[in-house]
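Given chain A, put chain B in place with the hints provided.
2 protein chains.
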Amino acid sequence: MEHIKYMRLALKEAQKAKELDEVPIGAVIVLNGKVIAKAHNLREKNQSATAHAEVLAINKACKKLNSWRLNGCVLYVTLEPCTMCIGASILSRVDGIVYGAKDPKGGTLGSLYDISLIKGFNHYPWIISGICEDESSILLKTFFKNKRKNDME
Amino acid sequence: MEHIKYMRLALKEAQKAKELDEVPIGAVIVLNGKVIAKAHNLREKNQSATAHAEVLAINKACKKLNSWRLNGCVLYVTLEPCTMCIGASILSRVDGIVYGAKDPKGGTLGSLYDISLIKGFNHYPWIISGICEDESSILLKTFFKNKRKNDME
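Respectively, the protein sequence lines represent chains A and B. For the first sequence, the positions run 1 to 153 when the working numbering is used. For the second sequence, the positions run 1 to 153 when the working numbering is used.
Warning: the hint list may mix true and false statements.
The list treats identical chains as interchangeable, and a pair is accepted whether it falls inside one copy or across any two copies.
To be verified - With a straight-line cut-off of 27 Å between C-alpha atoms, the simulated DSS-like cross-links for lysine-lysine are:
(1) Lys63 - Lys147
(2) Lys18 - Lys63
(3) Lys64 - Lys45
(4) Lys16 - Lys60
(5) Lys147 - Lys18
(6) Lys16 - Lys119
(7) Lys119 - Lys141
(8) Lys34 - Lys147
(9) Lys64 - Lys149
(10) Lys102 - Lys119
(11) Lys119 - Lys45
(12) Lys63 - Lys16
(13) Lys5 - Lys147
(14) Lys38 - Lys63
(15) Lys149 - Lys105
(16) Lys145 - Lys119
(17) Lys18 - Lys64
(18) Lys12 - Lys102
(19) Lys60 - Lys102
(20) Lys12 - Lys38
Just so you know, the hints here were simulated from the structure itself, not pulled from any lab data.
Same shape as in the complex, but just chain A:
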């Protein structure tokens, strides 16, 4: 139930991205039951290759805690993270990652490859997937469907 509560907040962030015509992906970071960071994809608005929801949320959480170490934190994100975002999560030492929909094109927790199978990292967050999967998936599918429709008009 708790995971659903926080994933709904991440979905609200994804909705904010959609309103900016960004690919709708959102993330929140929770520490001891408190949301300490919220962010959404801002790649187009910021014209920044690294402005994924997860990286922006990690940056905000580090700022909030004044620490690059996010031990004890859980990252909630609406879509399976990409290589950069999994790397950032490992580096930040978040305890766990909870994500919604699978990303067959760029997900690195089983889709494109499974980073948890690679040996040698000094930290492995626990992973839970499929929380609010349908809501996240529908949000993304509708976004891209409308994009294609607008492109054809």
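Structure of chain B alone, referenced to chain A:
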């Protein structure tokens, strides 16, 4: 010769990191023979898990070009990039990556694993390694040796 010239600038950045007591890693991004971004590791100073030299340089280059697309650019970095930084490089579409020393603990271009062997990315930068390898390696080894020495005193 050109690679050495730009790697020497990246090494200068690494030196700046060292002076701040940061792990000495530096990066520069070059477009059409012009350096458009320089950065060094600032994890401790910024208390940010994502403040690796490569990510900071990519962010600066995106800002400079006002574009998340860094096509035509080459990233020079003194150490083999980690998962996050390789992910950021792929996302930014840099044409190529030139790096110095291998990183057996976190490098993802052959050391920990080789991301170029994973199928399905929509972009694969070309890779050149070993440029100014010794200079980078000595800088890092001396840094950690002094750290250990200070810790023991």
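Hint check results:
1. Lys63 - Lys147: For Lys63 and Lys147, the Cα distance is within 27 Å only across copies (26 Å; inside one copy 35 Å).
2. Lys18 - Lys63: Both ways: Lys18 and Lys63 sit 25 Å apart in one copy and 23 Å across, limit 27 Å.
3. Lys64 - Lys45: both (23 Å within a copy, 15 Å between copies)
4. Lys16 - Lys60: both (17 Å within a copy, 25 Å between copies)
5. Lys147 - Lys18: So Lys147 and Lys18 pass the 27 Å test inside one copy only (11 Å; across, 47 Å).
6. Lys16 - Lys119: neither (37 Å within a copy, 32 Å between copies)
7. Lys119 - Lys141: The answer is between: 24 Å across copies meets 27 Å, while 34 Å in one copy does not.
8. Lys34 - Lys147: Neither: 35 Å inside a chain and 36 Å across chains, both beyond 27 Å.
9. Lys64 - Lys149: neither (41 Å within a copy, 33 Å between copies)
10. Lys102 - Lys119: Intra 23 Å, inter 17 Å, cutoff 27 Å: intra and inter.
11. Lys119 - Lys45: neither (36 Å within a copy, 29 Å between copies)
12. Lys63 - Lys16: both (22 Å within a copy, 23 Å between copies)
13. Lys5 - Lys147: neither (29 Å within a copy, 44 Å between copies)
14. Lys38 - Lys63: For Lys38 and Lys63, the Cα distance is within 27 Å both inside one copy (12 Å) and across copies (23 Å).
15. Lys149 - Lys105: Within one copy only: 21 Å inside, 47 Å across.
16. Lys145 - Lys119: Cα proximity of Lys145 and Lys119: across copies only (26 Å, versus 39 Å in one copy).
17. Lys18 - Lys64: Both, since 26 Å and 26 Å are each at most 27 Å.
18. Lys12 - Lys102: Close inside one copy (18 Å), not across copies (42 Å); limit 27 Å.
19. Lys60 - Lys102: The answer is within: 25 Å in one copy meets 27 Å, while 31 Å across copies does not.
20. Lys12 - Lys38: within (10 Å within a copy, 36 Å between copies)
Violation of the numbered hints given earlier is confined to hints 6, 8, 9, 11 and 13; the remaining hints are satisfied by the structure.
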